[in-house]
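Based on the hints, put chain B in the right spot on chain A.
Protein chains: 2
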Amino acid sequence: MPATPLLFVGLGPIGRSTLGCALARRGLKVVAACDADPALAGKRLSELVSGAPKSVRVAPSVAALGKLPKGTVAIVCTSSTLSSAAPTFRALLAKGCHVVSSCEELVYPALRQPRLAKELDLLARKKKVALLGTGVNPGFVLDLLPAVATAPCLVVQAVRAHRVVDAATRRGPLQRKVGAGRSVAEFTAEAAAGRLGHVGLPESAQLLCHALGFGKPQLDETLKPVVASAPIETPFVRVEAGQVAGIDHHLLATAPRGTVELHLQMYVGAPTPRDSITIEGEPAVKLVLEGGTPGDLATVAALLNAAPAMGACAPGLRTVFDGPFPLCRAFA
Amino acid sequence: MPATPLLFVGLGPIGRSTLGCALARRGLKVVAACDADPALAGKRLSELVSGAPKSVRVAPSVAALGKLPKGTVAIVCTSSTLSSAAPTFRALLAKGCHVVSSCEELVYPALRQPRLAKELDLLARKKKVALLGTGVNPGFVLDLLPAVATAPCLVVQAVRAHRVVDAATRRGPLQRKVGAGRSVAEFTAEAAAGRLGHVGLPESAQLLCHALGFGKPQLDETLKPVVASAPIETPFVRVEAGQVAGIDHHLLATAPRGTVELHLQMYVGAPTPRDSITIEGEPAVKLVLEGGTPGDLATVAALLNAAPAMGACAPGLRTVFDGPFPLCRAFA
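Same order as they appear, the protein sequences are chains A and B.
Each residue of the first sequence is one higher than the one before, starting from 199 at the first, in this note's numbering.
Each residue of the second sequence is one higher than the one before, starting from 199 at the first, in this note's numbering.
Calculated from the structure, these hints are not laboratory results.
Misleading hints may appear alongside valid ones.
[Claimed, not checked] Pair ranges (Cβ atoms, derived):
1) B:316 <-> A:482: 15 to 25 Å
2) B:265 <-> A:420: 55 to 65 Å
3) B:454 <-> A:222: 34 to 44 Å
4) A:469 <-> B:282: 48 to 58 Å
5) B:282 <-> A:489: 25 to 35 Å
6) A:278 <-> B:282: 53 to 63 Å
7) B:237 <-> A:316: 50 to 60 Å
8) B:251 <-> A:489: 44 to 54 Å
[What the hints assert, rightly or not] For lysine to any residue, the following SDA-like pairs were computed, each having C-alpha atoms within a straight-line distance of at most 20 Å:
9) B:484 <-> A:476
10) A:484 <-> B:227
11) B:484 <-> A:469
12) A:227 <-> B:353
13) B:227 <-> A:476
14) A:484 <-> B:489
15) B:484 <-> A:420
16) B:484 <-> A:529
17) A:484 <-> B:362
18) B:484 <-> A:472
19) B:414 <-> A:529
Glycine included, each C-beta is placed from N, C-alpha and C at the ideal position.
Only chain A is shown next, with the shape it has when bound in the complex:
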């Protein structure tokens, strides 16, 4: 089988990490890259990621890219929000590329941007390519995995999932994103301005309600700080007792035919990280991922596992439930 040609759009930490892992994998070929950062434009890709092809230079935009091989899959790691990523998606679809992205809102874009979702769907169909948002959260642990856990059920009333992440084991930007080291007052102000917390719980809940046939949910979302009871220090931040260690994010989705409850605790020093999923139904199911799913690495894996399957998706805007079965086909 010919290798899948890959275009990398966005060369931040996740983009570079995905690119580095793509180089180690059979069946993938890095053919192009672009990033809006003027400091990167024109650089050889090998200067940014060790082992990347020297012949590929970073383009400043999708428009500046040359002709791409047929079947190219663009891996887009630029933004969490659909509104800021949409111009990039449009340009890529118009160029005839499949698109797979870590953009959290793309996991279920009709939730916040129904018109934009419709427009991107139509454009992708017209160009006979597919567009998919995926990752680990959203994209796997709080949506796809709970849905699969219902496969042995006769009836499902509710899906409840609880993810506990020790933010101390994650990147510095994530520790700042959960507010580690802030005062409670700062946290409250930043959270109210939408500058703190995790993007994706409503997308996961909506995707689950859709997949399980629960109908359109009412969403009730709350974001609270977890306050440190003792000082704790990571390579990136020091949290004093009484300061914020991270987030306690809760979402209740009440739909006509079922309930989805998602609970995300992500803070510095969280004990026993794990993902647990409870299906209330017949039979009931209790599933635990011991130690949890490592966020950054698993997002990279989800992107690379999806990429070679994009050509087998029906054209249009897809969810993680529509395409080929998401699994890893890479071996040491």
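The following block gives chain B in isolation, referenced to the frame of chain A:
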């Protein structure tokens, strides 16, 4: 959406249980039934399963069935082996029915019957219908679920799964199938004759190797008795100390690009039933289904969850990885 018309073939315990649950579910309609048992032929379905339509009478064979609605899905619960179920599958496909079956060997039929698998695939394609083997084991807990657990992995070296079932909580026939109450000598003789144990471990392993791209495995299967250390009694059987309580079934599949190890312990009095799955790879994944997946109920659910999706499958012989995503879309 119009209801999916269902034909039930085989009215033993699993067939009747599936039929009973189908009656309680929206979107399904029981239109016909047949069973080879002369004692059942001509009976009203309502005499066998409470609430079933009085107007449907049990036909003695597929050939004796009248015209069926377009898109009828046959649910076949007759046999674990492909050689004995094949004439039924052939007749149903020729009649233009989709087929979903609990036949364990149908989960990966090319393993034991490559020619027959090819023939059924061609026939199904010709008639534009799909044929699928599913269930809980094989079909979910030792194949589909472990494969899904690799979705967040960059690399997978090995999949190891361990299923512990307390046979005391299961049907009498299952307790006998695992040899509960036999002497060790009887067990050894019966096992050697292929009359004891579980059908499906090689199918699960082969399916996993295929799905994960591991290549064709060498299979090494061992079946040993679990011997009771104290007497134990169920409604169906009494096991004395020193007698067999059940099976310890192990399968190692060594493929060119990875390893699958499946371990099934199914015995009367097994403590802490559970299904645990370990993915050796990057990242490693450890998943536990606490309490395990109840075999009979989950098999019924797998059949009913697959049935309405058969029309959306590409025609031909399918595996649980090829069709629409297996999940439950039924609510109380």
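Quick rundown of the hints versus the structure:
1. B:316 <-> A:482: 15 to 25 Å: violated, 41 Å
2. B:265 <-> A:420: 55 to 65 Å: holds, 57 Å
3. B:454 <-> A:222: 34 to 44 Å: violated, 19 Å
4. A:469 <-> B:282: 48 to 58 Å: holds, 54 Å
5. B:282 <-> A:489: 25 to 35 Å: violated, 45 Å
6. A:278 <-> B:282: 53 to 63 Å: Holds, since residue 278 (chain A) and residue 282 (chain B) (Cβ atoms, about 55 Å apart) stay within the stated range.
7. B:237 <-> A:316: 50 to 60 Å: Once the Cβ atoms are compared, 58 Å apart, the range 50 to 60 Å for residue 316 (chain A) and residue 237 (chain B) holds.
8. B:251 <-> A:489: 44 to 54 Å: holds, 51 Å
9. B:484 <-> A:476: With a Cα-Cα distance of about 17 Å, the restraint between residue 484 (chain B) and residue 476 (chain A) holds, given a limit of 20 Å.
10. A:484 <-> B:227: Violated, because 31 Å separates the two Cα atoms, which is more than 20 Å.
11. B:484 <-> A:469: Between residue 484 (chain B) and residue 469 (chain A) the Cα gap is close to 17 Å, so the pair holds against 20 Å.
12. A:227 <-> B:353: Given that 20 Å is the threshold and the Cα spacing comes to 17 Å, the pair holds.
13. B:227 <-> A:476: violated, 30 Å
14. A:484 <-> B:489: holds, 8 Å
15. B:484 <-> A:420: Not OK: residue 484 (chain B) and residue 420 (chain A) at ~30 Å, beyond 20 Å, violated.
16. B:484 <-> A:529: Holds, because 18 Å separates the two Cα atoms, which is no more than 20 Å.
17. A:484 <-> B:362: holds, 15 Å
18. B:484 <-> A:472: Judged against 20 Å, a Cα distance of about 10 Å means the pair holds.
19. B:414 <-> A:529: Holds - the C-alpha atoms of residue 529 (chain A) and residue 414 (chain B) are around 14 Å apart, at most 20 Å.
Hint violations for this structure: numbers 1, 3, 5, 10, 13, 15, all remaining hints satisfied.
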